[in-house]
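> Going down the list, the protein sequences come from chains A, B and C.
For the first sequence, my numbering begins at 1 and goes up steadily by one.
For the second sequence, my numbering begins at 1 and goes up steadily by one.
For the third sequence, my numbering begins at 1 and goes up steadily by one.
These are computed hints drawn from the structure, not numbers from a lab.
Keep in mind it's a predicted model, so treat the numbers as computed, not measured.
Warning: the hint list may mix true and false statements.
Straight-line distance between alpha carbons at most 30 Å, and here's what the computed BS3-like set of lysine-lysine pairs gives [to be verified]: (1) B:Lys198 x A:Lys28; (2) B:Lys51 x A:Lys147; (3) C:Lys243 x C:Lys70; (4) B:Lys52 x A:Lys147; (5) B:Lys114 x A:Lys28.
Which chain B residues face chain C? A few, computed with CB under 10 Å, are given here [as the list claims (entries may be wrong)]: (6) Phe14; (7) Gly15; (8) Val16; (9) Ser17; (10) Arg21; (11) Asp127; (12) Arg196.
Note that CB positions come from ideal geometry on N, CA and C, so glycine has one too.
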Amino acid sequence: MEAAFPPSGESALLARSPLARLPDRLLKYGLSVLAALILALIVFFFIRLVGEARPAFAKTGVFGFAFDNNWTPSAGHFGALPLVVGTLITATLALVIGVPVAVAAALYATELCPRRLRSPLTILVELLAAVPSVVYGLWGIVFLAPKLQGSEQWVADRLSFVPFIGGGLVTIPNYFIAGLVLAIMILPIVSAISREVMSTVPLDQKEASLGLGATRWEMIRMAVIPYCRSGIVGGAMLGLGRAIGETIAVTILIGDAPKLGEQLFGQGYSLAAVIANEFGEAQGVHRSALFAAGLVLFVLTLLVNGVARGLVVRSARKTGQSSGAGSTGATALVAGAAGGA
Amino acid sequence: MSAQAPTGELVARFGVSPARRRKDRIARGTILVATIVALIPLVLIVYYLLKKGLGAWSSDFFTTDPTGNTFFKSSSIGGVKSAILGTIEMVALASAIAVPIGVAVAVWLVEYGKSSWFAHTVRFFVDVLTGVPSIVFGLFIYIVLIVGTGSSFAGYKGSLALSLLMLPVVIRSAEVILLLVPAGLRESALALGAPRWKVIFTIVLPTALPGMVTGVLLAVARAAGETAPLLFTAASTKNSSYDLGGFMNSLPVQIYSDVNSPTTSVVNRAWGAALTLVVLILLLNLIARLISRRSRLA
Amino acid sequence: MTPPRSPTKVAGVDPEASPELTRRASEPAMRTPILGEREASEPPAAGQAAGLQVRLEGLRAFYGSSEELKGIDLEFHANEVTAIIGPSGCGKSTMIRCINRMHEEIPGARAEGRVLLDELDVYDPSVDVVAVRRAIGMVFQKPNPFPTMTIFDNVAAGLRLTSRRRGDLHAKVEAALRSAGLWDEVADRLEEPGAGLSGGQQQRLCIARSLAVDPEVILMDEPCSALDPIATLKIEELIAELKRRVTIVIVTHNMQQAARVADRTAFMLDGALVEVGPTREIFTKPGDPRTEEYVTGKFG
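Required output: the full structure, derived from the provided sequences and hints.
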């Protein structure tokens, strides 16, 4: 365009010299290159991770790796099923225990508690997020696990007829303790996302139900929960992603026994824990198998987080018409909800 | 059926049944109980941290390195000087890497990328990074900088793993804050004939600064508490070190290695280190909150 | 049964806690049943109800420390439409939100005085706020159907709170939709989301939703302000129909609308009632010069 219209006297006055335009261009392209580099870095990492995991997959096959129930590095057996199952058991426990409590705390803070209590309550729940996971592990193994061992044994004895839950000897580190501490660890993030989504429920929706003569609980059921359902589910999924990827606390609390979960109060292993524990002295195929475990973990969290993010963003978009801040708030929270260890 | 309908009829028609009232009360009670349950672990953790941690604190605790001597009661097991030092050094370097890059990418997203397909791709990948377990970042760095170069662990490698972890948090929080800078502010400066880069550096960034500091501090706080990415990138040594090119101790790794010790005094050292770490992180959180309260945006 | 004459003070300091408070206050009492103390029995079939009169006595309302209503005495006759007019911020909305105690849902808001629904003070400590809102329905400024519910579910929402028998649910929903003049338009798409309707239809859906629980009084807070003229006309026709069944109080910004729909009109200014009378009188020969200035368009 500029070439087609040679500058006349007037437009020359308006034109900026190429030199003056240089910083703008530099900044624009420099920043674009930086952004592109980050993409390249992630892709590069992923490819390298697959490359490092290949020897293990070559030995056992991808399916053999994921579904064989035999993790004995010393004998050269790398079937990661006990690890995958351990990861799923602890993460599910965390979800089952943590999410109802987190959602209830969010409901209490947004709909039920006196206004003066709202902000202190929020800060207190979020303080849980400031505690590093290694401290949770320390607290869990030194304080919580020994304290609960008696009650766990009691439950195991009483329910001895229930497979998986009952019977057997309760060990101090076990699936249940790991899941319980994970539940505490995902509580703040699930609660924060739920609260964020609940605060976007328009006042007129709540008034509509109250105006029909709904009690407060009926208002929550009629106006609040249906409106936030996908956001809450998304928050729970983000919590699940965290629980799956959590390393150190689980490593300390799960007992590091590579056997398929025989009982709830017995020792087990998880994908992340095996890496943290065995990487130091692993060599050759063993190390490659640990990279493969990392890859499985990576893909697992990717899937869970993808679904979760979709749900939270959809929920934020749905409610976005009434509050623009809601969607950015939810996105920011999603950003803050990284997997810890 | 006139305007003089007796009151009794109103009651019959509109009264709230005891069953509904009971349900309401039970539901609210359950929610309250669950909220209290949510706070119990916090109380317990804080209580134990203070009780055990303060017991382990002494002047020696901060000024001596851990000795690893756990066999003789008479000899000292040392403090956590090297761990504190290592955490501060590595987190500082990680911040020095992640913050400028993160803010730059956020500026690009808001000022240039906007809603182009490329910007959406970048956002997507940043979100992917957010969900990656921190131990996987450790693996990444291990593959590239340790397998790749054939060299050994080093503090700066730990820093790089931590900076990868911080990056998505910094980018996303900075982006949210930059989006809050009123468009009118940018436009009025552009209308004065200022070039875009000048507008960014003199108007947009200074306005967004306090808000961005909050996000950055939260990212730093997170990195400071991470153990897993350091296990096979930087760790570990017992000695104090100022050389980011060599092995480096850190508070989380020190706690992790002390947890399973059979010696009570070593476990107590872990509590002391844990209290130190939590105080450090809470300080960062507190500063972040104070600054965000002063921010003119949001 | 006549409640005590002395004005009842309502503790509305904390809106979250107040429903709890009123409820708790009612528990130990073993007195004549008042609204909210007895098991709901069989409600009469839709369409049988007749409206009840509402009387405000010395009604004062506050937001924090600012007084929004400065002692209002006003009577809404049964089965009539009363319009409330007045400039923005004069307390019209606050007043009608006090009638079904929605006012106290706003943090820091409280009310004093009495609101008598056929001699029953809705602010009496023994009265359950939930029951009040069931007897006195409300239609809001912006149509607010529940976005996650179908058209049918929206209308049934209030019924489902109490009715244990599903059988006549459909009949009641149909009756309510017919009363709201919406049946013919939605009969074949009851399972579609309520949010898919046009603005005017949504507002009639909201009217159907409040009619379905068979209230005695319906409060309308500028129900047409978000609608186009044709949708507005439909709602106005509907109001004329509905007054046979319920007492209607409508807040409006639009004086023509007041003139078209209301039997009586009340003019408010600065949180106080200036005058109330037959609509024709208010618009042709008002008793107060301020009313005249307002209705002739000198201010507001």
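> Decide, hint by hint, whether the structure agrees.
Each hint tested on the structure:
no., hint, verdict
1, B:Lys198 x A:Lys28, "12 Å, holds"
2, B:Lys51 x A:Lys147, "17 Å, holds"
3, C:Lys243 x C:Lys70, "29 Å, holds"
4, B:Lys52 x A:Lys147, "16 Å, holds"
5, B:Lys114 x A:Lys28, "12 Å, holds"
6, Phe14, "4 Å, holds"
7, Gly15, "5 Å, holds"
8, Val16, "5 Å, holds"
9, Ser17, "5 Å, holds"
10, Arg21, "7 Å, holds"
11, Asp127, "27 Å, violated"
12, Arg196, "40 Å, violated"
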